[in-house]
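When you get a sec, could you build the whole thing from the sequences and use the hints?
These protein sequence lines are chains A and B, in that order. Throughout the first sequence, residue numbering follows UniProt numbering, covering 1 to 437 in sequence. Throughout the second sequence, residue numbering follows UniProt numbering, covering 1 to 437 in sequence.
Treat the hints as calculated values from the structure; they're not laboratory data. Watch out, some of these pointers could steer you wrong.
Said to hold, decoys possible - Per label pair, the in silico range of CB-to-CB distance:
1. Thr-252(A) <-> Arg-75(B): 54 to 62 Å
2. Gly-89(B) <-> Arg-204(A): 30 to 38 Å
3. Glu-314(B) <-> His-193(A): 45 to 53 Å
4. Phe-383(A) <-> Val-192(B): 51 to 59 Å
5. Phe-383(A) <-> Pro-13(B): 33 to 41 Å
6. Val-250(A) <-> Val-192(B): 48 to 56 Å
7. Ser-219(A) <-> Arg-75(B): 49 to 57 Å
8. His-29(A) <-> Val-159(B): 30 to 38 Å
9. Asn-140(B) <-> Arg-204(A): 33 to 41 Å
Unchecked claim - Example chain A residues on the side facing chain B (calculated, C-beta under 7 Å, incomplete):
10. Thr-155
11. Asp-194
12. Leu-341
13. Lys-345
Note that CB positions come from ideal geometry on N, CA and C, so glycine has one too.
Protein chains: 2
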Amino acid sequence: MHALNLPAPAGKPRIVVIGGGFAGLNFVHKLDTDRYQVVLLDRHNYHTFAPLLYQVATAGLEAPDICGPLRKSFRGKRDFHFRMLQVYGIDPIRREVSTGAGAIQYDHLVLATGTRANFFGNTNIEAHSLPLKTVPDARNLRNHIFQTLERADLTDDPVERARLMTFIIVGGGPSGVELAGALSELRRHVLVHDYPDTPMEQLRFILVEGGDQLLAAFSDKSSEDARRNLHDMDIELRFGLLMTDYDGRVATFKDGTTIASSTVIWGAGVTGEVIQGLKSESISRAHYVIDAHMRVQGYENIYALGDVAYLSNEEWPQGHPGVAQVAIQMGKRLAGNFNALVRGKETKPFKYFDKGNLAIIGRNRAVADLPKGLHFNGIPAWFVWAFVHIFYLIGFRNRLFTFLSWVGNYITYNRAVRLVLEPTLEEELRGERGGIR
Amino acid sequence: MHALNLPAPAGKPRIVVIGGGFAGLNFVHKLDTDRYQVVLLDRHNYHTFAPLLYQVATAGLEAPDICGPLRKSFRGKRDFHFRMLQVYGIDPIRREVSTGAGAIQYDHLVLATGTRANFFGNTNIEAHSLPLKTVPDARNLRNHIFQTLERADLTDDPVERARLMTFIIVGGGPSGVELAGALSELRRHVLVHDYPDTPMEQLRFILVEGGDQLLAAFSDKSSEDARRNLHDMDIELRFGLLMTDYDGRVATFKDGTTIASSTVIWGAGVTGEVIQGLKSESISRAHYVIDAHMRVQGYENIYALGDVAYLSNEEWPQGHPGVAQVAIQMGKRLAGNFNALVRGKETKPFKYFDKGNLAIIGRNRAVADLPKGLHFNGIPAWFVWAFVHIFYLIGFRNRLFTFLSWVGNYITYNRAVRLVLEPTLEEELRGERGGIR
Chain A
1 MHALNLPAPA
11 GKPRIVVIGG
21 GFAGLNFVHK
31 LDTDRYQVVL
41 LDRHNYHTFA
51 PLLYQVATAG
61 LEAPDICGPL
71 RKSFRGKRDF
81 HFRMLQVYGI
91 DPIRREVSTG
101 AGAIQYDHLV
111 LATGTRANFF
121 GNTNIEAHSL
131 PLKTVPDARN
141 LRNHIFQTLE
151 RADLTDDPVE
161 RARLMTFIIV
171 GGGPSGVELA
181 GALSELRRHV
191 LVHDYPDTPM
201 EQLRFILVEG
211 GDQLLAAFSD
221 KSSEDARRNL
231 HDMDIELRFG
241 LLMTDYDGRV
251 ATFKDGTTIA
261 SSTVIWGAGV
271 TGEVIQGLKS
281 ESISRAHYVI
291 DAHMRVQGYE
301 NIYALGDVAY
311 LSNEEWPQGH
321 PGVAQVAIQM
331 GKRLAGNFNA
341 LVRGKETKPF
351 KYFDKGNLAI
361 IGRNRAVADL
371 PKGLHFNGIP
381 AWFVWAFVHI
391 FYLIGFRNRL
401 FTFLSWVGNY
411 ITYNRAVRLV
421 LEPTLEEELR
431 GERGGIR
Chain B
1 MHALNLPAPA
11 GKPRIVVIGG
21 GFAGLNFVHK
31 LDTDRYQVVL
41 LDRHNYHTFA
51 PLLYQVATAG
61 LEAPDICGPL
71 RKSFRGKRDF
81 HFRMLQVYGI
91 DPIRREVSTG
101 AGAIQYDHLV
111 LATGTRANFF
121 GNTNIEAHSL
131 PLKTVPDARN
141 LRNHIFQTLE
151 RADLTDDPVE
161 RARLMTFIIV
171 GGGPSGVELA
181 GALSELRRHV
191 LVHDYPDTPM
201 EQLRFILVEG
211 GDQLLAAFSD
221 KSSEDARRNL
231 HDMDIELRFG
241 LLMTDYDGRV
251 ATFKDGTTIA
261 SSTVIWGAGV
271 TGEVIQGLKS
281 ESISRAHYVI
291 DAHMRVQGYE
301 NIYALGDVAY
311 LSNEEWPQGH
321 PGVAQVAIQM
331 GKRLAGNFNA
341 LVRGKETKPF
351 KYFDKGNLAI
361 IGRNRAVADL
371 PKGLHFNGIP
381 AWFVWAFVHI
391 FYLIGFRNRL
401 FTFLSWVGNY
411 ITYNRAVRLV
421 LEPTLEEELR
431 GERGGIR
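If you want it as structure tokens, here you go:
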């Protein structure tokens with residue numbers, strides 16, 4: 001039996017980090033690896049700039065524009081070791097994590113596993129709807145959108161076509177709002193031109209929200225701006241609707257409403273990616289409970305960061321928001337504390353610096369709540385948004401190319417990436433003409 | 001029962017074209033659709049610039065750089081109708097093709113279906129090796145390469161690691177040579193830096209060719225230049241070897257040689273994508289036999305173009321080469337003939353204008369045979385190659401972005417697209433530690 005290939009940490013403490021998202025990435029980046037060995041584990045070999053996933057889903061950007069290969073990001077970083085692995089469990093007594101390729105010992109463990117889509121136990125919705133949490137999700141959704149329109153173009157059955165041309169977006173948070181806006185622009189600038197034989201006026205995008213407003217975490221003014229903008233862009237908005245079932249053809253809601261649709265995009269909730277093995281007191285509602293030093297409750301040498309962590313204090317009694325800035329700042333703070341510790345300096349508790357909220361709804365349509373109650377919309381908000389996103393993208397190539405892609409798309413409305421790259425309709429169409437779904 | 005949605009050809013003949021490759025694309029582009037209705041069918045909704053697939057496979061370019069959405073390419077073309085469909089059969093008596101979504105009538109039928117990988121009936125090799133004929137193939141190969149290296153990085157079993165780090169390329173034609181060169185550069189500029197914990201000196205790329213030279217269709221001087229260049233780039237060259245079996249772990253050859261390898265890239269042959277329904281006299285060795293007017297033998301209104309066609313004449317007694325230029329020129333000639341016919345002008349027989357052969361082996365390494373016996377290698381050949389490819393790419397965005405990607409990669413050696421975007425190792429690794437394949 002051979003072991004997992006990993007160099008011993010020569011006299012230094014080994015820190016194992018699980019997850020290469022915003023939190024893990026910023027932690028590793030800032031950590032002084034002259035004093036610590038760091039092992040980064042992730043199921044994927046790349047970091048995802050998640051706030052732009054909706055652009056990959058709507059053919060505005062390609063995956064490499066918003067992804068950074070993790071090995072490349074830390075090339076040259078001393079005593080840094082990446083392993084592409086799924087972690088199945090934590091053994092806090094033996095101080096090791098179990099993976100598909102063997103156990104890995106740690107001195108300190110940093111959990112930065114983020115979240116996944118939450119279907120609240122509804123297996124039908126889980127089986128038939130499309131989440132938008134990962135790059136494969138985004139590409140899958142893009143393929144689905146274009147493949148569904150190709151199907152709509154093939155049939156002259158008006159009922160079937162209407163169903164194929166109805167798209168439901170569940171959840172009125174930033175990603176639902178941004179996705180709805182991007183779909184509206186895709187319709188206007190691409191789809192109506194690409195499908196001259198299909199009655200594109202039948203194309204419906206329905207944004208369904210359980211509450212009574214969009215962007216609940218934003219200011220009332222921004223929520224209202226978002227509502228008005230999406231309305232102007234022919235997005236149908238339905239409030240107070242809770243989806244209870246979806247079989248791939250018909251969506252059913254709690255109040256009895258039904259909508260025939262081939263596409264449900266699920267953004268109604270997330271849950272923490274909790275790994276088994278810690279005490280139950282460490283976990284609350286699928287999040288690791290941490291203190292201001294990011295220590296998981298009940299452990300001295302286990303930490304949690306970002307979306308999977310739950311940190312409640314006076315300012316944020318319900319916990320911190322699940323946004324990139326919290327993850328980035330936690331990662332930097334924890335690494336700073338490790339660096340301070342080894343030099344005998346004092347560590348500092350985490351304090352979130354809220355830089356505000358931004359959502360883009362379309363070209364020249366965006367909303368922004370900045371600190372001190374500053375509120376933007378329209379073109380100024382779009383510029384702030386573009387600047388912020390370019391700034392936080394990983395790596396020069398990504399920044400340059402994403403910027404060029406945006407400028408190119410802005411000028412030409414040319415979305416070159418609208419390719420259906422998955423296997424074709426063949427299997428489903430063969431011998432099942434009437435049954436196109 | 002509803003029918004396939006397709007407008008009737010108002011008093012004009014309908015031409016149905018199967019396949020949106022070089023031949024079909026150029027045919028449609030040149031056809032006068034004031035006088036003909038044209039219906040283009042393809043399994044995919046995009047055109048592939050196949051000569052650059054190896055760059056997608058080796059993380060030099062992303063799929064949208066070498067693909068053009070077919071609907072976009074012909075946006076604004078009068079009476080042009082694209083349908084994303086698989087065609088299952090031809091009924092020349094009823095003059096219709098059968099598809100998964102119903103039958104389509106034609107007045108003229110143009111077969112431009114191209115080729116697929118030929119495994120010569122060896123189902124083991126087919127099941128375990130990786131072809132490089134389509135964009136999904138290329139992305140699949142890229143994922144496989146990086147995933148295999150991630151696996152190599154996980155194990156300290158030297159036998160297992162050696163197998164994971166041995167890559168076999170079968171076939172010494174242009175695509176095998178170009179792929180081998182690109183892999184060598186990937187090793188030198190990316191892999192040795194990305195995998196500091198893996199003994200990269202064990203990484204082997206073996207190019208296996210059944211004959212006794214590379215680039216058999218090129219001049220002897222170019223064949224020899226290619227051999228020398230690949231040798232200098234640490235590609236192992238094995239001539240006179242015919243693979244007879246591959247089970248995913250060990251490749252076996254006719255002379256009894258075996259090589260332990262997790263990766264066989266199959267480029268040893270292609271076969272025509274022939275659709276059933278035509279007389280047997282129309283088909284010879286999986287190609288449609290055509291005359292100088294591209295008419296399929298035995299039919300007045302059925303034509304074949306490009307790689308799937310077999311046209312023998314005095315100059316090319318063994319048939320024309322299966323290269324993009326033949327397909328492009330056939331497509332243009334046939335459309336020109338259709339346009340002439342409707343104006344009462346004379347049609348012209350096809351005559352191939354051979355523009356020469358080009359293969360890129362690496363930065364500053366390329367070989368070119370131009371007409372009149374002109375022969376290039378090194379940097380001048382690379383420039384010719386880059387110019388030719390940029391020139392034939394579809395669409396301004398693709399040309400611009402591909403050019404920028406190349407320049408960017410050239411300067412920075414930064415291959416941002418080395419992402420494993422398929423599902424992770426999880427499934428295969430779970431509970432099967434020793435059995436990583």
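Structure-based check of each hint:
In this structure, Thr-252(A) and Arg-75(B) break the distance hint of 54 to 62 Å, their C-beta atoms being roughly 38 Å apart. Range check, Gly-89(B) to Arg-204(A): Cβ separation about 36 Å, and the 30 to 38 Å hint holds. Glu-314(B) and His-193(A) have their C-beta atoms about 47 Å apart, which keeps the hinted 45 to 53 Å range intact. Roughly 42 Å separates the CB atoms of Phe-383(A) and Val-192(B), a value that falls outside the hinted 51 to 59 Å.
Between Phe-383(A) and Pro-13(B), the C-beta spacing of about 53 Å breaks the proposed range 33 to 41 Å. Under the hint 48 to 56 Å, the C-beta atoms of Val-250(A) and Val-192(B), about 55 Å apart, fit the expected range. Taking the beta carbon of each, Ser-219(A) and Arg-75(B) are about 41 Å apart, not inside 49 to 57 Å as hinted. Look at His-29(A) against Val-159(B): about 37 Å separates their beta carbons, and that is inside 30 to 38 Å.
Between Asn-140(B) and Arg-204(A), the C-beta spacing of about 35 Å keeps the proposed range 33 to 41 Å intact. Restraint check, Thr-155(A) versus chain B: the minimum CB separation of about 6 Å is within 7 Å; hint holds. Nearest Cβ of chain B to the Cβ of Asp-194(A): about 4 Å, under the 7 Å cut. The hint holds. Taking 7 Å as the C-beta cut-off, the interface hint given for Leu-341(A) is violated, the closest approach to chain B being about 27 Å.
Interface hint status for Lys-345(A): violated, as the beta-carbon distance to the closest one in chain B is roughly 30 Å, over 7 Å.
In summary, the structure is inconsistent with hints 1, 4, 5, 7, 12, 13 from the numbered list given earlier, while agreeing with the others.
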